[in-house]
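There are 2 protein chains.
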Amino acid sequence: MDFQVIKVKEDVLQENNKRADELRKYLKNKGIYFINVMASPGSGKTTLLTGLINKLKEKYNIGVMEADIDGDVDAKRIHELTGVRTIQVHTSGACHLTAQMTHDAINAFDIKDLDLLFLENVGNLVCPAEFDTGSNINMMLLSVPEGEDKPLKYPLMFEVSDIAVITKTDTKKVFDFNEEKCQEYIKRRNPKAKIFITSAIKDEGVKPLADYISSLIEANK
Amino acid sequence: MDFQVIKVKEDVLQENNKRADELRKYLKNKGIYFINVMASPGSGKTTLLTGLINKLKEKYNIGVMEADIDGDVDAKRIHELTGVRTIQVHTSGACHLTAQMTHDAINAFDIKDLDLLFLENVGNLVCPAEFDTGSNINMMLLSVPEGEDKPLKYPLMFEVSDIAVITKTDTKKVFDFNEEKCQEYIKRRNPKAKIFITSAIKDEGVKPLADYISSLIEANK
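In order, the protein sequence lines correspond to chains A and B.
So in our numbering, the last one in the first sequence is 221, and the numbering has no gaps at all.
So in our numbering, the last one in the second sequence is 1221, and the numbering has no gaps at all.
These are calculated hints, taken from the structure and not from any lab test.
Among the hints, erroneous ones may be present.
As the list claims (entries may be wrong) - Selected chain B positions facing chain A (in silico; Cβ < 7 Å): (1) Pro1041; (2) Asp1068; (3) Asp1070; (4) Gly1071; (5) Ala1075; (6) His1079; (7) Val1126; (8) Pro1145; (9) Asp1149; (10) Thr1169; (11) Phe1177.
As the list claims (entries may be wrong) - Here are the simulated lysine to any residue pairs, SDA-like style, with alpha carbons at most 20 Å apart: (12) A/Lys173 x B/Thr1169; (13) A/Lys112 x A/Leu152; (14) A/Lys202 x B/Val1174; (15) A/Lys172 x B/Lys1172; (16) A/Lys76 x B/Asp1149; (17) B/Lys1172 x A/Thr169; (18) A/Lys187 x B/Ser1215; (19) B/Lys1057 x B/Asn1136; (20) B/Lys1173 x A/Asp170; (21) A/Lys181 x B/Gly1071; (22) A/Lys59 x A/Arg85; (23) A/Lys173 x B/Asp1176; (24) B/Lys1076 x B/His1090; (25) A/Lys172 x B/Thr1171; (26) A/Lys181 x B/Lys1076; (27) B/Lys1187 x A/Lys194; (28) B/Lys1194 x B/Ser1215; (29) A/Lys173 x B/Ser1215; (30) A/Lys172 x B/Thr1169; (31) A/Lys187 x B/Gly1071.
From the three backbone atoms N, C-alpha and C, an ideal C-beta is built for every residue, glycine too.
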């Protein structure tokens, strides 16, 4: 039974990679830069996105796809706080988005005239890392309350993420969080990862990340 | 392709439920009560377990299985802080434990003379909820930093958990966390859930939970 499952998974991943490449080409032709945002539940994805969008929306037309198993709180919140176009995607219980699900969501969304598209993936440090969504770049968040040891326990998420953002640094006073060790653990999984230190709620560290994203968009043109 | 995957998943879940029932019988015969602990990464599972074990270890022989994708920090930490028998289980990248994986782990572990066995599942609010591990009870944790809206987004985890523990309440001063709403959302998913409010680091609220677990063990004898 195990072998059968593994075989199906390989097929699924291979098919997914093909779809992801197709989606990347499709978005490139439309001039849209696509960022896949991944993290644990409650790590501050929506708050960071709100901060980033408010810094980038003067320069770029931005859209956000919020993926959750259920609920629509995040899509509403982002729209209320930034005014940009959002869509809520439900995954029917799935723990991640595939490239096909992402493509379907994009088709259901009015993306024409967008320059930048964010996908807030399902809150999960495991499964989303396995599925290429067709994004140009993966950005993962690790919040101070989760602890600095997460790269030791969830290797793939850190390996596939080009950007790692440490969030909620304003709460350091109540947590025993070793930032230096955290950075060392992240680099151990991915020596090329760009690391940003942020407190989106205090608007600290968000601008350097917004500037970096801006430079990626310009370089992709 | 989708149908094929769904069919395999149904078979896997059906097979898993059968294995879980067998494992429950096996442990019942040995007089071992088995608790499956689930939560997001960094929600305080290890700290809560340490607090619980130190309150229960005089009365019961306790064992802990720590499941992670990689690393062994938690198994070492629990053993150092409580002295009880621990084993680290690696899931080869999997986002959850199946009943078979749990059974294999138990076979690799010296469980004779145990009264109480904890499984700390992979940090993940999605996949572990789908797989019955063969436990007598599921206990899930939701930490204050994650926010009160998690039951809205991750329904199954709350539906399958008999015990929901709100953790890290000592950090409320730095988070906008609505405890009343959180309890209401949990009850919406599972009206019978027993809810406990804890700060394991301050040893607050851990004793009522330890007493409840003790009552479950006695009732199961």
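Given pair status - threonine 1169 of chain B, lysine 173 of chain A, alpha carbons within 20 Å:
15 Å, holds
Within 20 Å, alpha carbon to alpha carbon, are lysine 1187 of chain B and lysine 194 of chain A?
Violated: lysine 1187 of chain B and lysine 194 of chain A sit about 41 Å apart, past 20 Å.
Quick check on the hint: aspartate 1149 of chain B CB to chain A CB, less than 7 Å?
5 Å, holds
Under the criterion that the straight-line Cα-Cα distance not exceed 20 Å, is the pair lysine 172 of chain A, lysine 1172 of chain B satisfied?
It holds: about 13 Å lies between the C-alpha atoms, which stays within 20 Å.
Let's test the interface hint: is any C-beta of chain A closer than 7 Å to that of alanine 1075 of chain B?
Alanine 1075 of chain B check fails; min Cβ-Cβ to chain A is 11 Å, beyond 7 Å.
For a C-alpha distance cap of 20 Å, please report whether lysine 202 of chain A and valine 1174 of chain B respect it.
12 Å, holds
Hey, lysine 173 of chain A versus aspartate 1176 of chain B, does the alpha-carbon distance stay inside 20 Å?
Given pair lysine 173 of chain A, aspartate 1176 of chain B holds - Cα atoms ~16 Å apart, limit 20 Å.
Verify the interface restraint on proline 1145 of chain B: the C-beta must sit less than 7 Å from at least one C-beta of chain A.
Constraint on proline 1145 of chain B satisfied, holds at 4 Å.
Need the status of pair lysine 1173 of chain B, aspartate 170 of chain A: alpha-carbon distance at most 20 Å?
With a Cα-Cα distance of about 12 Å, the restraint between lysine 1173 of chain B and aspartate 170 of chain A holds, given a limit of 20 Å.
Quick one, are lysine 1057 of chain B and asparagine 1136 of chain B close enough, alpha carbons at most 20 Å?
Holds, at roughly 19 Å.
Hinted pair, alpha-carbon criterion (20 Å max): lysine 181 of chain A, glycine 1071 of chain B. Please report holds or violated.
15 Å, holds
If you draw a straight line from the CA of lysine 181 of chain A to the CA of lysine 1076 of chain B, is it 20 Å or shorter?
Judged against 20 Å, a Cα distance of about 18 Å means the pair holds.
Violation of the numbered hints given earlier is confined to hints 5, 6, 10, 11, 13, 18, 27 and 29; the remaining hints are satisfied by the structure.
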